[in-house]
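There are 4 protein chains.
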Amino acid sequence: MRVVPRSTDYQDEPSIEFPDCTSVDECTIAIVPRYSETDQAGIVHHTVYPVWFEMGRTELLRANGLAYSELEKAGVFFVISSLTAKYRRPCFYDEQLDLITTCSRITRARVEHSYQLKRASTGILLAEGTSVLACVDKQGRVQRTPKFMYPGE
Amino acid sequence: MRVVPRSTDYQDEPSIEFPDCTSVDECTIAIVPRYSETDQAGIVHHTVYPVWFEMGRTELLRANGLAYSELEKAGVFFVISSLTAKYRRPCFYDEQLDLITTCSRITRARVEHSYQLKRASTGILLAEGTSVLACVDKQGRVQRTPKFMYPGE
Amino acid sequence: MRVVPRSTDYQDEPSIEFPDCTSVDECTIAIVPRYSETDQAGIVHHTVYPVWFEMGRTELLRANGLAYSELEKAGVFFVISSLTAKYRRPCFYDEQLDLITTCSRITRARVEHSYQLKRASTGILLAEGTSVLACVDKQGRVQRTPKFMYPGE
Amino acid sequence: MRVVPRSTDYQDEPSIEFPDCTSVDECTIAIVPRYSETDQAGIVHHTVYPVWFEMGRTELLRANGLAYSELEKAGVFFVISSLTAKYRRPCFYDEQLDLITTCSRITRARVEHSYQLKRASTGILLAEGTSVLACVDKQGRVQRTPKFMYPGE
Chain A
1 MRVVPRSTDY
11 QDEPSIEFPD
21 CTSVDECTIA
31 IVPRYSETDQ
41 AGIVHHTVYP
51 VWFEMGRTEL
61 LRANGLAYSE
71 LEKAGVFFVI
81 SSLTAKYRRP
91 CFYDEQLDLI
101 TTCSRITRAR
111 VEHSYQLKRA
121 STGILLAEGT
131 SVLACVDKQG
141 RVQRTPKFMY
151 PGE
Chain B
1 MRVVPRSTDY
11 QDEPSIEFPD
21 CTSVDECTIA
31 IVPRYSETDQ
41 AGIVHHTVYP
51 VWFEMGRTEL
61 LRANGLAYSE
71 LEKAGVFFVI
81 SSLTAKYRRP
91 CFYDEQLDLI
101 TTCSRITRAR
111 VEHSYQLKRA
121 STGILLAEGT
131 SVLACVDKQG
141 RVQRTPKFMY
151 PGE
Chain C
1 MRVVPRSTDY
11 QDEPSIEFPD
21 CTSVDECTIA
31 IVPRYSETDQ
41 AGIVHHTVYP
51 VWFEMGRTEL
61 LRANGLAYSE
71 LEKAGVFFVI
81 SSLTAKYRRP
91 CFYDEQLDLI
101 TTCSRITRAR
111 VEHSYQLKRA
121 STGILLAEGT
131 SVLACVDKQG
141 RVQRTPKFMY
151 PGE
Chain D
1 MRVVPRSTDY
11 QDEPSIEFPD
21 CTSVDECTIA
31 IVPRYSETDQ
41 AGIVHHTVYP
51 VWFEMGRTEL
61 LRANGLAYSE
71 LEKAGVFFVI
81 SSLTAKYRRP
91 CFYDEQLDLI
101 TTCSRITRAR
111 VEHSYQLKRA
121 STGILLAEGT
131 SVLACVDKQG
141 RVQRTPKFMY
151 PGE
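Residue numbers (my numbering), protein chains in the order written: chain A, 1 to 153; chain B, 1 to 153; chain C, 1 to 153; chain D, 1 to 153.
Mixed in with the good hints, there may be bad ones.
Treat identical chains as interchangeable: a pair holds within one or across any two.
Simulated crosslink set (EDC-like; lysine to aspartate or glutamate; CA at most 20 Å straight-line) [what the hints assert, rightly or not]: (1) LYS73 with GLU95; (2) LYS86 with GLU112; (3) LYS86 with GLU128; (4) LYS73 with ASP94; (5) LYS138 with GLU59; (6) LYS73 with GLU17; (7) LYS86 with GLU17; (8) LYS118 with GLU17; (9) LYS118 with ASP25.
To be clear, the hints were calculated from the coordinates, so they are not data collected in a lab.
All chains, full assembly: derive it from the sequences and hints.
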């Protein structure tokens, strides 16, 4: 259950206006693996990649003028419906990585993304993935993806 | 923000009756480190221990007839106020550990625990810790620790 | 890099004899979500499920007389090659779950598993998944899956 | 056990020269909590803070011209000996935080840090912490802190 902190010093960003549509369908973020994300095989543990994928789609959303925290406040929730990952090469502590997130498809109740994780120094592909999100309301009921989530003409 | 799932198959345990008081002040749980909890030094990452400490105090509460999830439903929340840990020897993937949790003190708005992590095979002490929890209500305001949390005479 | 602890109190289990073959192709483990595994939507975060899948296949291996830590000592490593997960219904803090892991296929250099996560109280399916592991040596080179990993006649 | 990947595309940064001494004793890094770092109380889970503390001391080291990964390659390991944290106010998903890390003391075999976590928008203090690291060699034996770790005159 939620603890709603009474802290009065928390200054919410002024509520953003949602844009009319999305216009950016791909973005790249920099990732540097944390020590705590490695495992005893000396590589990043495979369950960390989906954490990064989530960060990637969050930043793609923000690049379109939409903070996911604002969407939640507006009653628009995205819950994950499916996830895939292909691990091609290991990645390591403290190296520079690029995560490229693409919004590949938006339907009435689904948003699909694909991901490519590359070593920044060489551009070599380390992993790929996909996810499907379902749009739900506060009660977890499937709802239509809001219009402003669709790309403009 | 919270997604309240509409799933109707989720059968809540029948709400437990809170006991009049607590009677158990120490309990031991078995811990086996997961692969994902190791780091590239070949040992369990130090930030995992506080996760186990939380599991330890949860089971001590349950040993007293109180599930923390039930407390939350009853509007009683415990948020952590302070944490200490001393790391004496490393622990390893898939080994048997014992975590001993002791409730060392309960005051009007604080519950204090101490922890000892031991290797099960030898009994040797691997780590120790303490935590102080504050009792708050749903809005995060400090409230009195409920009477049933105190030990009986 | 690995810190090889000099701790002399660490009593290794006596090295297990590997069995001639595997004979168990499915096992069920009990899972109870930790508080730290939930997110602010009030459900278990989706990236935790693959952590549980790994625990499931580890226990299936152990049910066949093989501890993964022993395999590593014998120079047999399994690295994940692909992962899929379908999330059907959310799961919650402190509820009883069953994770059923099935070894669906073993080839010369691949081991495939499938997973079903069910609510213990109702048996309802919450999530499904698959993984493919590649067998590699200490240098990360693909090697043949050892004979004892194959099921007996 | 360690899988040493044979991947030939991994271009190690050219080995850095260690500086003669350290000159920076405090640094600030920006932290933005990930969705996966929240819990069902709607706040960041308390076990995430020590993960950030580790990131803070890593960046302080880097500000002194030393990458921790390079230290490990040079046979210098730091293992945590003790940790404390005081949680003053909760922090939230996707908000801007500042983590200030100070190296408070270096002795023959110990490095001590202190941490302050602040809300970037208001500067208010959310949490504080300390850690003590022990300098060990590859076998986990205590060794002297290398001279270049000490501050210059």
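Here is what the structure says about each hint:
1. Taking the closest pair of Cα atoms, LYS73 and GLU95 come within 20 Å of each other only across two copies (14 Å); inside a single copy the shortest separation is 35 Å, beyond that limit.
2. For the identical chains of this complex, LYS86 and GLU112 are neighbours both inside a copy (16 Å) and across copies (14 Å), given an alpha-carbon limit of 20 Å.
3. In this assembly of identical chains, LYS86 and GLU128 lie within 20 Å of each other by CA distance both inside one copy and across copies; the values are 5 Å within and 17 Å between.
4. In this assembly of identical chains, the alpha carbons of LYS73 and ASP94 lie at most 20 Å apart only when taken from different copies (13 Å versus 35 Å within one copy).
5. Neither within a single protomer nor between protomers do LYS138 and GLU59 lie at most 20 Å apart by alpha-carbon distance, with minima of 22 Å and 31 Å respectively.
6. When the C-alpha separation of LYS73 and GLU17 is checked against a cutoff of 20 Å, the pair qualifies only within one copy, where the shortest distance is 12 Å, while the shortest distance between copies is 35 Å.
7. In the homo-oligomer, the alpha carbons of LYS86 and GLU17 never lie at most 20 Å apart, since the shortest distance is 37 Å inside one protomer and 33 Å across protomers.
8. Taking CA atoms no more than 20 Å apart as the test, LYS118 paired with GLU17 passes in neither setting, with 34 Å inside one copy and 27 Å between copies.
9. Proximity of LYS118 and ASP25 under a CA criterion of 20 Å is satisfied intra-copy only: 18 Å inside one chain copy versus 34 Å between copies.
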